[in-house]
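From just these sequences and the hints, can you work out the full model?
2 protein chains.
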Amino acid sequence: MNSILIKNVLLNGQISNIKIEENLFTAIGNHALDTHSDIIIDGTDKAILPPFYNTHTHSPMTLLRGYADDLPLDVWLNEYIWPFEAKLKEDDIYLGSRLAIVEMIKSGTVFFNDMYWHQGQTLRAAQEMGIRAAIGITTIQKDAEGISNQVEEIEKMEWDNNLIQITMAPHAIYTAGEMNYRCCCEIAKEKGWMLHTHIAETKKEFDECIKEHGCTPVEWLERIGVLDCRVIAAHAIYLTDNDMRILKTHNVTISHNPTSNMKLASGSFLTKEVMESGCTITLGTDGCSSNNNLDMREEMKLAAMKAKAQYGTEFLPASKIFEIATINGAKAFNINAGEIKEGKLADAILIDMNNERMVPCYDLLSNFVYAADSECIDTVICNGRILMQNRHIDGEEEIIAAVKNRYGSK
Amino acid sequence: MNSILIKNVLLNGQISNIKIEENLFTAIGNHALDTHSDIIIDGTDKAILPPFYNTHTHSPMTLLRGYADDLPLDVWLNEYIWPFEAKLKEDDIYLGSRLAIVEMIKSGTVFFNDMYWHQGQTLRAAQEMGIRAAIGITTIQKDAEGISNQVEEIEKMEWDNNLIQITMAPHAIYTAGEMNYRCCCEIAKEKGWMLHTHIAETKKEFDECIKEHGCTPVEWLERIGVLDCRVIAAHAIYLTDNDMRILKTHNVTISHNPTSNMKLASGSFLTKEVMESGCTITLGTDGCSSNNNLDMREEMKLAAMKAKAQYGTEFLPASKIFEIATINGAKAFNINAGEIKEGKLADAILIDMNNERMVPCYDLLSNFVYAADSECIDTVICNGRILMQNRHIDGEEEIIAAVKNRYGSK
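Quick mapping for you: the protein sequence lines, in order, are chains S and R. Per this note's numbering, the first sequence runs over residues 1201 to 1610. Per this note's numbering, the second sequence runs over residues 1201 to 1610.
Because the hints were derived from the structure by calculation, they are not lab data. Ideal Cβ placement from N, Cα and C applies to all residues, glycine included. Nothing false has been slipped in among the hints.
FRET-style restraints, in silico, Cβ to Cβ:
#1 1589/R / 1390/S: 54 to 62 Å
#2 1328/S / 1357/R: 55 to 63 Å
#3 1357/R / 1403/S: 52 to 60 Å
#4 1473/S / 1404/R: 25 to 33 Å
Some chain R residues flagged as far from chain S (calculated, every beta-carbon gap over 10 Å):
#5 1231
#6 1237
#7 1287
#8 1389
#9 1428
Right, dumping it as C-alpha cells:
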C-alpha cells in the first residue's frame, strides 16, 4: 500500500500530521502518526488546502494561447480560431492537453471538465499524467449522426475510474441541434454520465432561441428533455427568473467563467441571483483563447472582484469563492474530495507560507484568494499521488520543448 | 564604470545583445558587443521587456494584507484599517515598505508612487533596496499646520536623485482641506515636485463636493489652483465631460486602480472616455488592504478584462494596457525609461520563455498580459542594477521572517 505522511503542516489554524494511504486521507491529528510511510513530506511553513476543480475548459486550446485576441467575436472565430482548429490532428490534441495539464497542476488544479475534438487524446494525457478529468464526447453537428461511433471509439480505451469519467458534450444550442441533444441525453442517462454543454453564453444565442423556438435556451433544453440528465452548464449568463427555477428544479450545476465572459464581452453572470435561486455554482477557466491561462486562483480573484463591483464589497467573500472553486466542483462530479478530512480522497495543495504574498497571515483564505499567485503553491497531490513538489513536475521540460518546437508563429 | 552585457536575449522579435553601462542602455544590436563587461547575463530563452511603474500605492499597507476584507466600507475603515494604522510606528513602516518592495520587485515593478505616514521610512527602504520611488509627503489635516515641518523632516534625509523623488501628497478632498491643498501646491511648485492626491474615488465624495462647494471635485481643485501643479490623480472614477476637459487642459495624469475600484465597489473607471479626452492614463495597484497584492501584471489583466466587459472585445488590447503600465508611468514621473532603447535608463525585466504560460508564443505581449504570472519574470534590472535574478532578491528571507515574527494574528 502506498502511503504519504505530511508532517507539521498548517490545517485549519493548527499544526497537524496527515496520513495518506492509497488514495485516501486516513488519519489527521496533532499527535505523532508513527506508522510506516513510503514518503514523508515536511510540512513546516506550509499550509494544506483543497485543490481546484476546473469545471469548464477546452484544454488543448493552450495551443491557441495568444493566437488571436482583442478582435470582434465573429472575426476572432471565423478568421482565426476555427481555421486553426480545423488543422489540429490527434497528436496536436495530445500535446496541447499535456501542456494544459502542466499548467493546471502548477496552479493547483487536480480536475478539469473538458470539451474538445479528438477527446481520446485528452483522456490519454490526463490518465498518463495522473490528473482527474471529465472527458466530453464533444458533438457539434445538428443531427445525431456519428455520435454512437464517437462513444464506441472512447469506450475502446482503457482508463482508471478513480481519475477519469466520461461526459456527453453537445457543444451549444446554436451548433448542436435537437436530435444531437436528445441522442446525447439518452446515452448519458444510459451510461450514467453527466452532460456538459454551453448554455445562454451570449445575448445573440438567447435572442435567436426566443425567435426560433419561442422560449429561452434553458426552457428549450428542458422542453426536449435534456435537463433530465445530470447537467453541467457553462456560462449561463442570460437567465430569466424562470430559467433559474428550472435549473434549480433539475439540479443543474452551473460553471461560472468570469474571465472568458469579460474578455469576450459576453455579459455579466448573475452570481447573486443564481446563488439565491439555490443553484450550485462552480468555477471554470474556459479555454486558453479566451482567458488566456488555466489559473483557477486568478479566476477566483477575478470572480470575486467582478461580483463585488456588481453587488457590493460584502458579496462573495474569500471563503465563499474558494468553496465554489474547490468543493463545489468536486461535488458536482461526484468526486468525494474538496476537503482535507479523514475518509476523503487525498487531493490537496501545500502553500508556501514564506512566500512574500502570504505574509503577514491574518487570514489564510484571504491571502490565497486575493494576494497569492501560483508560485505560492509548492506541492500538488491528486488521488494520493504527488503530481508536483517544490514546483516541479516530472517531464514538464520535455512537454514545453515539444510545444515550442512545433508551434509559435502565425 | 559598472557594466552589464545581456547576451542572446529576445527583443522585439530579434535575438539581441544589450549593453548597460552605469545606469543606461548604451548599445543594442544583433552583432557581438565584445567590450569588457562586469556582469554577463545569458539571455537565452528569455525576452527583455520594460518593467512596471506603479503610479499609486500605499506600500506599508502590506502589513494589513488580509487584515479585513469583504466588509462594508465604513466598518472596514473605522473598525479595522484606521485603528490598525494608528498603532504603526516608524519601524513598522520601514518593515512594511521593505516587504512591499520585495513583492514589487518579484512581480517586475521598478518604481512606485507612494502615499503614507512616516514616509521617511519608505524613502529609506526604497533607497536601500535600489528601487525607484516617488515618496509622498502625506497630509490629511484640514489646515496647513505642520506641513512645512514634514517637508523639513524629509529634506534632512539624503537620497539618490536617480532613484527617489518627492511629491506633496494631500490625501483627498474629504480629508485634506483647502488650506492644506493650497499649501501643498505652493510647496510643490516651489520645489518642482509633483502633487499626488486621490480624486473622485467614490460617489459619496462627488455628491458631498457638489453639496458643499457647488462643483465637482475636479472643478474644486481647479478653482483653488491645485491643478496648476504637475498632478497625479488616483482613481478619478466620477468625472463629468467638463472634468475630463479640465484634467486634459492641466495635463493631469490619472492613475487607474481597477482592482481596488472593484474590490471596494467604488464604481467603474471611464477608461474609454478618459482616453478619448486625451488625458494620460497610468496604472496603480493601490494599497494591500484593497487589492491585496502589488502585482502590476495581474492589474493589467484585470484592467483589460474590465474594460472589455465595459466597451467590447477590441477595446484596450494587450499592447495598449502594457504601455499604460510601463512607459506611461515612467513618463508621468519624468523617468527617461519604459523602453529598451540606447540612451534610456536601464530598467528592464527578463521573461522566462520556457515557462508553461509563455508557450506557444505567437504574441509576447498577449502572453505576458493575459497568461503570465510573476513566476515568468526571471530578472529585474533597475537603473542599471540587478535587483532580482533567477527570482531571488538578496535579503528577502530576512524581511519575510521579520514580518512573520512581528505580525500575523488579529
